[in-house]
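J.: Listed below, chain by chain, are the residues.
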Amino acid sequence: MLALQNIHKTFEGRLVLTDVNLTIPKGATHALIGSSGSGKTTLLRITLGLIPLDKGYVKINDQALSSFSPIEWADRIGYVPQEGGLFPHISAFQNVSLMATLRGWKRAKIGARVEELRKLVDLDAALLGRFPFELSGGQQQRVAIMRAAMMDPEVLLLDEPMAALDPLIRRSLQQELKSIFQRLGKTVLLVTHDLGEAVYLAEQITLLHEGKVVQSGTYGELLRQPNDPFVTAFINAQRTLPDAAEVA
Amino acid sequence: MRRILAALLITAAGLAPAHLWAAQSIVVGSKAFTEGYVLGEIAAQTIEASGQGPVTRKLGMGSTGIVFEALKSGAIDVYSDYTGTLAEAILKRPDLKSIDDIRQALLKMDLVMSEPLGFDDTYALAVKESFAETRELRSISDLSRVESGLRAAFSYEFMDRKDGFAGMAQSYHLHLAPQNIKRMEHSLSFQAIDDGAVDLIDLYSTDAKIEKSKLRVLKDDRGYFPVYQAVWVARRQFTEQYPRAWAALTGMQGSINERTMIDMNAQADIEHVGFAKIAAQFLGAEAPRSQSLKSNILQRTREHLWLVGIALLFSVLVGIPLGLVAVRFHAAGQGILIASALIQTVPSLALLCFLIPLFGVGMKPALAALCMYSLLPVVLNTFTGIRSIDPKHLENARAFGMTNRQVLLRVILPLASPTILAGIKTATIVSIGTATLAALVGAGGYGAPIVSGLSLNDVPTILTGAIPAALMALIAYGLFELLGLAVIPAGLRKQT
Chain W
296 MLALQNIHKT FEGRLVLTDV NLTIPKGATH ALIGSSGSGK TTLLRITLGL
346 IPLDKGYVKI NDQALSSFSP IEWADRIGYV PQEGGLFPHI SAFQNVSLMA
396 TLRGWKRAKI GARVEELRKL VDLDAALLGR FPFELSGGQQ QRVAIMRAAM
446 MDPEVLLLDE PMAALDPLIR RSLQQELKSI FQRLGKTVLL VTHDLGEAVY
496 LAEQITLLHE GKVVQSGTYG ELLRQPNDPF VTAFINAQRT LPDAAEVA
Chain E
50 MRRILAALLI TAAGLAPAHL WAAQSIVVGS KAFTEGYVLG EIAAQTIEAS
100 GQGPVTRKLG MGSTGIVFEA LKSGAIDVYS DYTGTLAEAI LKRPDLKSID
150 DIRQALLKMD LVMSEPLGFD DTYALAVKES FAETRELRSI SDLSRVESGL
200 RAAFSYEFMD RKDGFAGMAQ SYHLHLAPQN IKRMEHSLSF QAIDDGAVDL
250 IDLYSTDAKI EKSKLRVLKD DRGYFPVYQA VWVARRQFTE QYPRAWAALT
300 GMQGSINERT MIDMNAQADI EHVGFAKIAA QFLGAEAPRS QSLKSNILQR
350 TREHLWLVGI ALLFSVLVGI PLGLVAVRFH AAGQGILIAS ALIQTVPSLA
400 LLCFLIPLFG VGMKPALAAL CMYSLLPVVL NTFTGIRSID PKHLENARAF
450 GMTNRQVLLR VILPLASPTI LAGIKTATIV SIGTATLAAL VGAGGYGAPI
500 VSGLSLNDVP TILTGAIPAA LMALIAYGLF ELLGLAVIPA GLRKQT
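Quick mapping for you: the protein sequence lines, in order, are chains W and E.
To get my numbering, take the position in the first sequence, counting from 1, and add 295.
To get my numbering, take the position in the second sequence, counting from 1, and add 49.
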């Protein structure tokens with residue numbers, strides 16, 4: 296379980312997050328959505344422990360971030376950066392196994408874990424020997440998910456996982472991501488600006504606007520019982536393509 | 050990694066020129082012009098004949114200032130100079146006219162001066178014979194008739210000495226247009242006047258090329274130029290420690306007249322006879338067996354590799370950490386970058402000159418200068434290489450729980466390695482070129498034949514230094530390409 300409680304953050308004298316609350320039950324997938332400047336990236340960095348918060352708690356299974364060392368915290372949150380964020384100078388395999396190697400895992404243990412994850416994300420074994428620039432966007436994403444899951448964290452945190460992919464690959468990867476999340480059984484927090492992605496992948500959605508949670512709930516709840524005119528405006532703004540009937 | 054470092058150190062120690070470890074021997078120095086080399090060789094062979102031990106020759110060390118500093122610091126024991134130069138340029142006492150006055154003044158610096166060797170080598174001005182003929186020039190005073198439009202090439206030393214150009218122009222009321230005066234290497238000014246690029250040059254009255262270049266020496270009709278009698282100057286300690294050697298040198302009193310000196314200079318300059326042979330002929334002795342070209346180049350290569358190798362090691366061991374500090378601490382970083390850039394703007398000869406009082410002459414000042422020069426490319430490229438890393442990789446590394454040390458070793462250095470390696474490559478290639486100047490302070494290397502070849506205007510000799518230096522630079526370039534394959538992570542290599 297991941298819980299963000301009463302989070303406040305000021306940055307250069309400006310309040311960028313005000314009393315943010317968010318709870319994701321174990322094994323659930325939750326989308327944090329908002330336009331750029333909504334504070335979602337700041338919230339993501341706070342959750343990763345990269346920047347301190349002014350007030351509030353980040354907790355995994357009721358244990359607060361502040362009670363862990365950065366390394367212990369990193370083992371509890373697997374992070375998939377935008378566009379995968381693979382290190383360009385090492386192979387896919389080395390990217391996946393980097394932290395395990397640094398923690399002194401035995402080679403056999405690393406090999407077994409990588410193989411297990413490779414099957415889970417359905418990646419061709421030959422691709423593990425390649426460098427990131429030799430992999431497609433979708434393949435890089437899978438490797439990044441393997442890396443995030445390598446140390447068997449409680450929580451997976453994904454930052455705009457689909458943003459850089461072309462629409463067709465996006466569609467097929469979305470389906471796969473959903474099943475990967477199910478197979479992994481992790482608590483997942485997905486940060487995105489794309490409502491379609493959020494709706495497709497997550498059971499619950501939290502809409503962030505100007506540093507505040509506007510509404511949390513299922514897509515149906517946001518659609519039918521909006522808390523605020525902004526919710527409706529946000530949803531409508533993302534339905535960009537006209538229906539067939541509307542096209543001459 | 051440690052094993053590689055140890056291997057490097059052992060190799061470096063093996064390459065160290067033998068005389069670095071050799072027992073103390075008498076060191077003869079000389080200035081970098083023909084007469085200096087000839088007299089230096091004469092001194093060296095005279096001392097060897099006196100039986101007082103091996104002689105190390107540090108000939109062609111550069112200008113008066115460098116050689117005299119070397120003598121004072123004990124880096125050389127004896128060299129030849131001129132009374133006028135000693136009084137004017139070194140003691141700064143133009144009032145000292147007599148031999149005894151100069152000797153007394155030098156003694157206060159613990160230096161001893163011999164009786165004059167027998168010839169006077171004063172500054173003189175010369176024009177082409179044909180030029181003098183058409184304009185009826187006989188003396189320096191005559192120059193005032195043709196001064197407008199007169200193009201001159203003067204040596205650096207002549208331009209800068211009190212008893213040089215400025216004093217002379219004042220004494221003769223000469224007004225040459227500043228833009229018509231070129232400062233250049235003494236030996237090159239003969240080329241310039243031969244080619245008709247200039248009309249007037251300064252030279253030494255015993256210069257061998259006066260005849261060859263068909264020059265007319267203008268009479269110093271006002272007696273402006275001081276007397277420049279050739280003498281030996283030595284450290285007092287040397288004269289006491291090696292009395293027979295010093296006696297042999299002072300025994301040459303009055304034995305070299307002007308004609309003899311001009312002849313010897315001509316043999317070197319025009320007939321390209323080796324200095325050792327000229328000196329041996331003069332002394333009536335067998336010329337010492339000269340080194341074969343092959344063993345000569347081998348020795349130069351060892352000296353050059355040693356110079357460049359140490360500079361390289363220094364630039365890596367100091368430059369990369371300094372680059373890291375520059376990235377980490379902004380203010381200090383700017384300071385480091387500016388300081389290392391400033392060093393780069395100091396002309397290499399000037400830097401060598403500054404370093405002589407601190408390090409003496411020979412390998413040490415040359416190494417110090419090379420280390421300082423090789424620093425900037427490495428510091429700057431380390432700084433730039435790290436700063437150009439996409440910050441998302443650094444943040445990601447921290448998000449994955451990497452420690453600072455792991456981020457540095459696993460992410461920062463590998464990602465910056467192509468740029469850092471390029472900086473080391475630049476430093477090495479620049480060092481190989483700059484190390485040729487080390488010969489001016491007696492450090493040897495490929496610069497030695499270049500310096501002596503320049504002073505003799507002898508292109509083949511220059512090439513025996515210049516070609517190996519160019520080859521070494523090419524080989525270094527190739528080796529760095531190979532090193533790139535080993536050091537730069539494959540994922541970055543394939544991308545470019």
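Be aware that a few hints might be false.
[To be verified] Straight-line Cα separation of at most 30 Å, BS3-like style, residue types lysine-lysine; simulated pairs: (1) E:Lys121 x E:Lys177; (2) W:Lys350 x E:Lys157; (3) W:Lys350 x W:Lys321; (4) E:Lys268 x E:Lys146; (5) E:Lys121 x E:Lys146; (6) W:Lys321 x E:Lys326; (7) W:Lys473 x E:Lys441; (8) E:Lys141 x E:Lys177; (9) W:Lys414 x W:Lys401; (10) W:Lys507 x E:Lys441; (11) W:Lys414 x E:Lys211; (12) E:Lys157 x E:Lys211; (13) W:Lys507 x W:Lys354; (14) W:Lys404 x W:Lys473; (15) W:Lys414 x W:Lys321; (16) W:Lys321 x W:Lys404; (17) W:Lys354 x E:Lys146; (18) E:Lys413 x E:Lys343.
[To be verified] Among the chain W residues that face chain E by a calculated CB cut under 8 Å, a handful are: (19) Ala369; (20) Pro376; (21) Gly380; (22) Phe426; (23) Pro427.
[To be verified] Over 12 Å on every C-beta distance to chain E, these chain W residues come out as not near it, computed from the model: (24) Thr313; (25) Gly373; (26) Glu471; (27) His504.
The set of hints was computed from the structure by calculation and includes no laboratory data.
We put the beta carbon where it would ideally sit given N, CA and C, even for glycine.
J.: So, for every hint listed, does it hold in this structure?
T.: Okay, the hints, checked on the actual structure:
For the hint linking Lys121 (chain E) to Lys177 (chain E), the alpha-carbon distance of about 40 Å lies beyond 30 Å, and the restraint is violated. Annotation: proposed proximity of Lys350 (chain W) to Lys157 (chain E) is violated, straight-line Cα distance about 78 Å (limit 30 Å). Annotation: proposed proximity of Lys350 (chain W) to Lys321 (chain W) holds, straight-line Cα distance about 24 Å (limit 30 Å). For the suggested pair Lys268 (chain E) and Lys146 (chain E), the alpha carbons sit about 21 Å apart, so the restraint of at most 30 Å is met.
Among the hinted pairs, Lys121 (chain E) with Lys146 (chain E) is consistent with the structure: their alpha-carbon atoms are about 22 Å apart, no more than 30 Å. Under the criterion of a C-alpha separation no larger than 30 Å, the hint pairing Lys321 (chain W) with Lys326 (chain E) is inconsistent with the structure, at around 95 Å. Taken as a hint, the Lys473 (chain W) and Lys441 (chain E) pair is honoured in the structure, with Cα atoms around 26 Å apart against an allowance of 30 Å. The hinted pair formed by Lys141 (chain E) and Lys177 (chain E) fails the criterion: a straight-line CA distance of about 33 Å is larger than 30 Å.
Restraint check: the Cα-Cα separation between Lys414 (chain W) and Lys401 (chain W) comes to about 20 Å, which is no more than 30 Å; the hinted pair holds. Of the supplied pair hints, the one linking Lys507 (chain W) and Lys441 (chain E) holds, its CA atoms being roughly 26 Å apart against a limit of 30 Å. In summary, the hint linking Lys414 (chain W) to Lys211 (chain E) is not supported, as the alpha carbons are separated by about 87 Å, beyond the 30 Å threshold. Restraint check for Lys157 (chain E) and Lys211 (chain E): satisfied, since their Cα atoms lie roughly 23 Å apart, inside the 30 Å limit.
Restraint check: the Cα-Cα separation between Lys507 (chain W) and Lys354 (chain W) comes to about 19 Å, which is no more than 30 Å; the hinted pair holds. About 27 Å separates the Cα atoms of Lys404 (chain W) and Lys473 (chain W), which keeps this hinted pair within 30 Å; it holds. Our distance criterion of 30 Å between C-alpha atoms is met by Lys414 (chain W) and Lys321 (chain W), whose separation comes to about 23 Å. Between Lys321 (chain W) and Lys404 (chain W) the alpha-carbon distance is near 26 Å, which keeps this suggested pair within the 30 Å criterion.
Among the hinted pairs, Lys354 (chain W) with Lys146 (chain E) is inconsistent with the structure: their alpha-carbon atoms are about 93 Å apart, more than 30 Å. Proposed proximity of Lys413 (chain E) and Lys343 (chain E) is supported: the alpha carbons are some 26 Å apart, at most 30 Å. Against a cut-off of 8 Å between C-beta atoms, the interface hint on Ala369 (chain W) holds, since the closest Cβ of chain E lies about 3 Å away. Interface hint at Pro376 (chain W): satisfied, since its Cβ lies 5 Å from the closest Cβ of chain E, which is below the 8 Å cut-off.
A hinted interface residue such as Gly380 (chain W) counts as satisfied when its beta carbon comes closer than 8 Å to some beta carbon of chain E; here the least separation is about 5 Å, so the hint holds. Proximity of Phe426 (chain W) to chain E holds as hinted, the smallest CB-CB distance being about 4 Å (cut-off 8 Å). The interface hint given for Pro427 (chain W) holds, since its Cβ lies 7 Å from the closest Cβ of chain E, which is under the 8 Å cut-off. In this structure Thr313 (chain W) is separated from chain E by more than 12 Å, as the shortest Cβ-Cβ distance comes to about 24 Å.
The claim that Gly373 (chain W) is not at the interface with chain E is violated, since a C-beta of that chain comes within 12 Å of its own (minimum 9 Å). Glu471 (chain W), annotated as away from the interface, keeps every beta carbon of chain E farther than 12 Å; the closest lies near 23 Å. In this structure His504 (chain W) is separated from chain E by more than 12 Å, as the shortest Cβ-Cβ distance comes to about 25 Å.
Of the numbered hints given earlier, the model fails hints 1, 2, 6, 8, 11, 17 and 25; all others are met.
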